[in-house]
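This is what each chain is made of:
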Amino acid sequence: MINRRHALLILLLLGLAALASIMASLSVGNLPLSLGDILRALSGEDTGLAGEVVRNLRLPRTMAGFACGGLLALVGTLMQVLLRNPLADPYVLGISGGASVGALAAMLFGLPVIFLHAGAFAGALGVMLMVFGLAHGDGSWTQTRLLLTGVIVAAGCGALVALILSVAPEQQLRGMLYWLMGDLSQAETPWSALLLLAAGVACVMPFARELGLLARSKLLAQSLGVPVARRRLQIYILASLLTAAAVNIAGSIGFIGLIVPHLVRLGMRSSAGNDQRLLLPAAVLAGGTLLVVADTLARTLIAPQQLPVGVLTALLGVPVFLFLLTRQPRGGNT
Amino acid sequence: MSTNDAISPLLTARHLDVTIAGRTMLRDLNLKLGSGEIIAVLGRNGSGKTTLLHTLAGLRTPADGSIELCGKSYAAHDGRSTACLRGLLAQNQSDAFPASVLETALIGRHPHLGRWAWEGASDEKIAHHALMAVGLAGLEQREVHTLSGGERQRLAIATLLTQQPQIYLLDEPLTHLDLNHQIAMLELFKRTAGESGAAFVIVLHDVNLALRYCQRALLLFGDGRWCEGPVADTLTTATLSDLYAHPLREIGDGNLRHFIAV
Numbered sequence: 001m002i003n004r005r006h007a008l009l010i011l012l013l014l015g016l017a018a019l020a021s022i023m024a025s026l027s028v029g030n031l032p033l034s035l036g037d038i039l040r041a042l043s044g045e046d047t048g049l050a051g052e053v054v055r056n057l058r059l060p061r062t063m064a065g066f067a068c069g070g071l072l073a074l075v076g077t078l079m080q081v082l083l084r085n086p087l088a089d090p091y092v093l094g095i096s097g098g099a100s101v102g103a104l105a106a107m108l109f110g111l112p113v114i115f116l117h118a119g120a121f122a123g124a125l126g127v128m129l130m131v132f133g134l135a136h137g138d139g140s141w142t143q144t145r146l147l148l149t150g151v152i153v154a155a156g157c158g159a160l161v162a163l164i165l166s167v168a169p170e171q172q173l174r175g176m177l178y179w180l181m182g183d184l185s186q187a188e189t190p191w192s193a194l195l196l197l198a199a200g201v202a203c204v205m206p207f208a209r210e211l212g213l214l215a216r217s218k219l220l221a222q223s224l225g226v227p228v229a230r231r232r233l234q235i236y237i238l239a240s241l242l243t244a245a246a247v248n249i250a251g252s253i254g255f256i257g258l259i260v261p262h263l264v265r266l267g268m269r270s271s272a273g274n275d276q277r278l279l280l281p282a283a284v285l286a287g288g289t290l291l292v293v294a295d296t297l298a299r300t301l302i303a304p305q306q307l308p309v310g311v312l313t314a315l316l317g318v319p320v321f322l323f324l325l326t327r328q329p330r331g332g333n334t
Numbered sequence: 335m336s337t338n339d340a341i342s343p344l345l346t347a348r349h350l351d352v353t354i355a356g357r358t359m360l361r362d363l364n365l366k367l368g369s370g371e372i373i374a375v376l377g378r379n380g381s382g383k384t385t386l387l388h389t390l391a392g393l394r395t396p397a398d399g400s401i402e403l404c405g406k407s408y409a410a411h412d413g414r415s416t417a418c419l420r421g422l423l424a425q426n427q428s429d430a431f432p433a434s435v436l437e438t439a440l441i442g443r444h445p446h447l448g449r450w451a452w453e454g455a456s457d458e459k460i461a462h463h464a465l466m467a468v469g470l471a472g473l474e475q476r477e478v479h480t481l482s483g484g485e486r487q488r489l490a491i492a493t494l495l496t497q498q499p500q501i502y503l504l505d506e507p508l509t510h511l512d513l514n515h516q517i518a519m520l521e522l523f524k525r526t527a528g529e530s531g532a533a534f535v536i537v538l539h540d541v542n543l544a545l546r547y548c549q550r551a552l553l554l555f556g557d558g559r560w561c562e563g564p565v566a567d568t569l570t571t572a573t574l575s576d577l578y579a580h581p582l583r584e585i586g587d588g589n590l591r592h593f594i595a596v
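In the order they appear, the protein sequences are chains A and B. No gaps in the numbering here: position 6 of the first sequence is 6 in our numbering, and each next residue is one more. Just add 334 to the spot in the second sequence (first one is 1) and you have our numbering.
No lab work stands behind these hints: they were computed from the structure. Check the hints yourself; a few may be wrong.
With a cut-off of at most 30 Å between alpha-carbon atoms, the simulated DSS-like pairs for lysine-lysine come out as follows [unchecked claim]:
| # | chain 1 | residue 1 | chain 2 | residue 2 |
| --- | --- | --- | --- | --- |
| 1 | B | Lys-524 | B | Lys-406 |
| 2 | A | Lys-218 | B | Lys-524 |
| 3 | B | Lys-459 | B | Lys-524 |
| 4 | B | Lys-366 | B | Lys-406 |
| 5 | B | Lys-459 | A | Lys-218 |
| 6 | B | Lys-366 | B | Lys-524 |
| 7 | A | Lys-218 | B | Lys-406 |
| 8 | B | Lys-366 | A | Lys-218 |
Have a look at the derived ranges for each label pair, beta carbon to beta carbon [stated by the list, open to error]:
| # | chain 1 | residue 1 | chain 2 | residue 2 | range |
| --- | --- | --- | --- | --- | --- |
| 9 | B | Gly-448 | A | Leu-195 | 54 to 62 Å |
| 10 | B | Gly-356 | A | Gly-133 | 44 to 52 Å |
| 11 | A | Gln-143 | B | Asp-412 | 36 to 44 Å |
To give an idea of the interface, some chain B residues facing chain A are shown, with a C-beta separation under 7 Å as derived from the structure [as the list claims (entries may be wrong)]:
| # | residue |
| --- | --- |
| 12 | Gly-368 |
| 13 | Leu-393 |
| 14 | Ala-397 |
| 15 | Cys-404 |
| 16 | Arg-414 |
| 17 | Leu-422 |
| 18 | Asn-426 |
| 19 | Gln-427 |
| 20 | Ala-433 |
| 21 | Pro-445 |
| 22 | Arg-449 |
| 23 | Ala-455 |
| 24 | Tyr-578 |
Where is the CB? At the ideal position from N, CA and C, for every residue including glycine.
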């Protein structure tokens, strides 16, 4: 049981952590900067090299990372509600698979970057419509049917990706693999993604309590007055669009969408972490923070060489997750 | 009809047809449920008891006929106001994610709270009372998945009490309960009906408990036929033997009737 003040306090702490991670990301790199340097650069006062680096290189990439991490964590939380399955993540229904096929096909044909984005988005939307159409086919839109359809379509996309990789010329392989593992270095203006993240949060927060009921049971939610069919359709569409947007920014960064909701749940050390009113915004902040930290490490650990950020999110997330899991009391009082 | 016509009924079903996968389970049901009434629904497995309950709860459109909740059709109510008036205890709840006992009881407050409101002290008090009424006081902080089957069932009843509806639609509320708690829950329903004027529709498999705690009984034969009336009239060896397709015998003296399977 958690009250509003307690929840706001937790969100405030997570917000501070997010701010700290953003500041850290802005300060480290080839050109180390102090907090004062960063603030001068951000205010536009510094017109020198530091200002350029912060404003044009580090800030867009950091904020794109935050938006992407927040989007994936938000969608992961929503998918776990929609499918009532703790193993669900943004990619479970094949959205990222479709995006990968579209993006890699654009790369294979050597199309300009704009087509890469268009291909990714078209692929994601195509899969979204296909899974929805197939799962909805007989009118019974059960979680199992949706999950099964999504997983099968995702597997099909995986095969297509493997096919493209196997026929792709040598010099394109590296770019394709980086795209598949997630890569923020291509991220351009992050503001549309941040706006989308804010819009996504604004869309779900008014329904947070209803989503909590949906995660418990369809019948229970229905009997308590939740328009279940409509809400599930809305979650599906919103989650698909947000996933497509996230994949479009940075390729398919695995793991965040699955693990961040669980990290938040475990971090609360009680079932209060399942209160969607807290879980949704907390997951957004934690997901953004995790991706910013992971990307900072990805571009600095063995600089100038860059590591795929997806590798870092997993390397960071797995130990933290396992630590929290072993700390979790086994049932009983919490 | 035993319904007192002076009191406007909480729930009215008119010419209701209930079908499952094209088969008519129940034809032309007319039912009026007034304040404080407790009605038992009896029938064999698969005779449409649960489907009828869901239909009466407005979660399923009837094949034919109409239902009125407090004088208005379900279409005229919105989801929230419906949930403030009628509550459903469903069979077989499962939880995908952990929650504590108190949190689970508090979800009954959902329809009473505004979009941005959080459960307050008064809501918690209602939940505590409900947990106490079902004998789960002191277990507020326990995780639901550590409870026994019977405790979970009582928690589901507590959640429904926290919802404070005027009509309780209970689908086999005595499942998993020991004898002591079966009686305690039925006493609780009777007390709630008496004190708050709520009405109860209870799916039961125990004819003798129905006889003891319910004023009326609705028998579903599963082939479209039904029979409804005061328990003293509807629960007889003839109707029950027909209902369960198994001979029953009545024993006991004039005051205490009791049925046993032959």
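Hints, one by one, checked against the model:
no. : hint                              : verdict
1   : Lys-524/B x Lys-406/B             : 26 Å, holds
2   : Lys-218/A x Lys-524/B             : 29 Å, holds
3   : Lys-459/B x Lys-524/B             : 22 Å, holds
4   : Lys-366/B x Lys-406/B             : 14 Å, holds
5   : Lys-459/B x Lys-218/A             : 27 Å, holds
6   : Lys-366/B x Lys-524/B             : 18 Å, holds
7   : Lys-218/A x Lys-406/B             : 25 Å, holds
8   : Lys-366/B x Lys-218/A             : 28 Å, holds
9   : Gly-448/B x Leu-195/A: 54 to 62 Å : 28 Å, violated
10  : Gly-356/B x Gly-133/A: 44 to 52 Å : 25 Å, violated
11  : Gln-143/A x Asp-412/B: 36 to 44 Å : 26 Å, violated
12  : Gly-368                           : 22 Å, violated
13  : Leu-393                           : 5 Å, holds
14  : Ala-397                           : 16 Å, violated
15  : Cys-404                           : 15 Å, violated
16  : Arg-414                           : 5 Å, holds
17  : Leu-422                           : 4 Å, holds
18  : Asn-426                           : 9 Å, violated
19  : Gln-427                           : 6 Å, holds
20  : Ala-433                           : 5 Å, holds
21  : Pro-445                           : 5 Å, holds
22  : Arg-449                           : 5 Å, holds
23  : Ala-455                           : 10 Å, violated
24  : Tyr-578                           : 27 Å, violated
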